[in-house]
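The chain contents come next:
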Amino acid sequence: MTIVTPDPTGGKTQKDTAPRPRRRSRLAPLVLAAPFALLLLCTVLVPIGYALYLSLFTERLSGLGFDGPHDVFVWLENYADVLGDAAFRESVGNVALYAVIHVPLMLGGALVLALLLDGATVRLRQVWSLAVFLPYAVPGVIAGLIWAYLYSPNIGPLNDVLPWDPLGSNGVLPSIVNMATWQWMGYNMIIFYTALRTVPRDVLEASTVDGAGPIRTALAIKVPMIRPTMFVALVFTVIGSLQLFTEPLVLRSFTTSVTSTWTPSLYVYEAAFISNDYGRAAAASLLLALASALLSALVMRLSARRSR
Amino acid sequence: MAQHTGWSRRALLRASAGTAAFAAGGVGLAGCTSSTTASGATRVTLWSWMTGMDQYVAAFNAAQNEVHVDLSVIAAGLSGGYAQQTNAIKAHNAPDILHVEYQGLIQILATGGLRDLTADMADLADGYSPAAWRSVRPDGRTWAVPMDLAPMALYYRKDLFDQHGIPVPRDWREFTDAAELVREADADARLTTFPLNDGSFFAGMCWGAGDPWWRIEGDTWLVNVAGEGTLRTAEFWQELMDADLVRNGGTGTQDWIAGMHEGRLWGYLGAAWGVGTLKKSIPDDTGRWAVTAMPVWDTNRPANGVQGGTAFGISAESEVAEAAMTFLRWLSTDPEVPRIGAAFTSPFPAYLPNRDVAREVVPDDYFIGAPVYDVLDEADARVPEWTWGPNALGLFSSVADSFGGVSTGGTTIPAAVREVQEAAVSTMRDRGLSVREGGAA
Numbered sequence: 001m002t003i004v005t006p007d008p009t010g011g012k013t014q015k016d017t018a019p020r021p022r023r024r025s026r027l028a029p030l031v032l033a034a035p036f037a038l039l040l041l042c043t044v045l046v047p048i049g050y051a052l053y054l055s056l057f058t059e060r061l062s063g064l065g066f067d068g069p070h071d072v073f074v075w076l077e078n079y080a081d082v083l084g085d086a087a088f089r090e091s092v093g094n095v096a097l098y099a100v101i102h103v104p105l106m107l108g109g110a111l112v113l114a115l116l117l118d119g120a121t122v123r124l125r126q127v128w129s130l131a132v133f134l135p136y137a138v139p140g141v142i143a144g145l146i147w148a149y150l151y152s153p154n155i156g157p158l159n160d161v162l163p164w165d166p167l168g169s170n171g172v173l174p175s176i177v178n179m180a181t182w183q184w185m186g187y188n189m190i191i192f193y194t195a196l197r198t199v200p201r202d203v204l205e206a207s208t209v210d211g212a213g214p215i216r217t218a219l220a221i222k223v224p225m226i227r228p229t230m231f232v233a234l235v236f237t238v239i240g241s242l243q244l245f246t247e248p249l250v251l252r253s254f255t256t257s258v259t260s261t262w263t264p265s266l267y268v269y270e271a272a273f274i275s276n277d278y279g280r281a282a283a284a285s286l287l288l289a290l291a292s293a294l295l296s297a298l299v300m301r302l303s304a305r306r307s308r
Numbered sequence: 001m002a003q004h005t006g007w008s009r010r011a012l013l014r015a016s017a018g019t020a021a022f023a024a025g026g027v028g029l030a031g032c033t034s035s036t037t038a039s040g041a042t043r044v045t046l047w048s049w050m051t052g053m054d055q056y057v058a059a060f061n062a063a064q065n066e067v068h069v070d071l072s073v074i075a076a077g078l079s080g081g082y083a084q085q086t087n088a089i090k091a092h093n094a095p096d097i098l099h100v101e102y103q104g105l106i107q108i109l110a111t112g113g114l115r116d117l118t119a120d121m122a123d124l125a126d127g128y129s130p131a132a133w134r135s136v137r138p139d140g141r142t143w144a145v146p147m148d149l150a151p152m153a154l155y156y157r158k159d160l161f162d163q164h165g166i167p168v169p170r171d172w173r174e175f176t177d178a179a180e181l182v183r184e185a186d187a188d189a190r191l192t193t194f195p196l197n198d199g200s201f202f203a204g205m206c207w208g209a210g211d212p213w214w215r216i217e218g219d220t221w222l223v224n225v226a227g228e229g230t231l232r233t234a235e236f237w238q239e240l241m242d243a244d245l246v247r248n249g250g251t252g253t254q255d256w257i258a259g260m261h262e263g264r265l266w267g268y269l270g271a272a273w274g275v276g277t278l279k280k281s282i283p284d285d286t287g288r289w290a291v292t293a294m295p296v297w298d299t300n301r302p303a304n305g306v307q308g309g310t311a312f313g314i315s316a317e318s319e320v321a322e323a324a325m326t327f328l329r330w331l332s333t334d335p336e337v338p339r340i341g342a343a344f345t346s347p348f349p350a351y352l353p354n355r356d357v358a359r360e361v362v363p364d365d366y367f368i369g370a371p372v373y374d375v376l377d378e379a380d381a382r383v384p385e386w387t388w389g390p391n392a393l394g395l396f397s398s399v400a401d402s403f404g405g406v407s408t409g410g411t412t413i414p415a416a417v418r419e420v421q422e423a424a425v426s427t428m429r430d431r432g433l434s435v436r437e438g439g440a441a
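Protein chains in written order, with the working numbering: chain A, 1 to 308; chain B, 1 to 441.
The shape of chain A in the complex, shown without the other chains:
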């Protein structure tokens, strides 16, 4: 995440060169940036600050607890609790495994579809792209429920067709991967396809003249040229994987294989809204945000190195 603030030196340099419209030009960037800055402050920075504050406190009861809680400052105890909690580590393991399967499958599939669509011989290009993109237009909870019904024994067909139980303890991860892949593949395909359309046609013609077939052109010309786009998609997908929430939450009503702390986001939800342990919830969500930031920094770093 980048934070854009009005550059204070911008006004100064103008002060020297153009004294007359100075007042207006100093004010203009501030005014223009104000809505953004205000929103950033109110919806991002203040909540993060409050979460940080909450994460350092815990609510303590005494006796039977009927007198209500009082806040106690506990330094980093909440963080230690979260990191020492086997349920939290399991949830991280679950999303890691999910990401390892989902990210290459979904992005790879999106890339292949985009390359196919970009191939010259495809008919009904718009119909195809719309068909693949459509799942993204379905709200996550609704999609989750539809899939859950498809997975359910007796009322859904998948349970009879598949050799494993899609809601069983081993089947639920592939089921969730499938739901997310179905939802996001079309979206990323459109992004890749749009990037592919910007690949200069003369470069492609040159490769054809040099004797490259369509597969060679795709792998050696097209893919390298849209690599920056692919890295951006990768960052979004990795962060999205870490924040996996809707799909497992929906499936929880249908199966016991998804625990109340199955992903880090569910862990936060459980801590805050079921156990009323706001300190632990705040600590866990800050850890999650930190992990997201580090992961995206890592991916961006890799991307910068590869593009050089």
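No wet-lab data here; the hints were simulated from the structure. From a predicted model like this one, the values you see are computed outputs, not experimental measurements. Glycine included, C-beta positions come from ideal geometry on N, C-alpha and C. Among the clues, some could well be false.
[What the hints assert, rightly or not] Here chain A is said to cover these stretches of chain B; the calculated rule only asks that three of the stretch's residues, wherever they fall, bring their Cβ under 8 Å from a Cβ of chain A: (1) 252-262; (2) 387-401; (3) 427-437.
Fit chain B to the given chain A structure using the hints.
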């Protein structure tokens, strides 16, 4: 837990409400602060997820002009309702009236957000079912106004039981026999399901076994989730599952509804609100189902548990507590309320004179066999002592989580129960509560 919402839509409601609540998250939803209307009535704010509450409120507002109730419908229970109310209490903008269930009362109480209603309610003591009255008085003080009660009973396919000559089970040994006979009669059918994902169901089963999970002794919580009665219950269900005599899927899901309707499930161990659930979910099954008392462990001392039941508390910070109390008294005790409710639900009021009204006005045209209200009245009278703890709602989640491995053989119900006991004790100690393990001395 969503006993008042339409069960066929339960999954949708739960899922969407849960997500919405997460999105709304820590946002403090402001309570209304203006305290009078233009006509001079005192304004009272109410948050509730009870089906039909809008109609009760409208009737109350129309009937008098001293108090005007403003209702906000919130997500049901653990789908967001408790989270929203707890957050509001923490942010000091709770509504005047809060929706609590008996099992959630103590957890809300531990936020310090409820007003002591002991004096306000004293004159009503004799009117309520003793089980409901006890449930709002965990420590001898009255903390909420009981609305309804949900003692458990056995719903069964009387037509199929009669056809195959299966005796209706009165105790748990006969229940096992009945489960075997059902499977013999139809290899695809089972007597019932033990919903592994529903901690409140398991709690209801254990309630009847006579070992309360919590007790209050002076200033200390006694925690006994792995007591003798609970372990007996756990072992009983583990054996039924091992013998493939019951299923283990959830109740209220589309799969469950289909199974009930298509004869794959011949019975349902459900609470009083199951009456409404069955009528709504499988209306075509009129004339097939009957209700009877829950099987018991000891026919000389019959006991059954409770699963749910609504009560309402008043915020400790409410400035119009008296007006709020006026409404709650009306809601809980006025005979008009069950008359309104009969149009869309099958109320089982905690206030006994109102239960007689409900018995008269609710059409008894769905079930065959013994009259529903007779069975439920008896079930109510059989409810033994029980106290919920300050972590009851969280415990339902940990029960469901620990039971997750049961269906694959990764763990057993008794082993999971011992795990839950340990977790419950350490959670309560971490929160600074005074805790002792084990049952009453």
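Checked hints:
Only when three residues or more bring their CB closer than 8 Å to a CB of chain A does the claim for the segment 252-262 of chain B stand; here the count is 5, and the claim holds. A count of 8 residues in the segment 387-401 of chain B with a Cβ less than 8 Å from any Cβ of chain A is obtained; the coverage claim is therefore met, three being the minimum. Chain A is given as covering the segment 427-437 of chain B, and this holds because 5 residues of the stretch bring a CB closer than 8 Å to a CB of that chain, at least three being needed.
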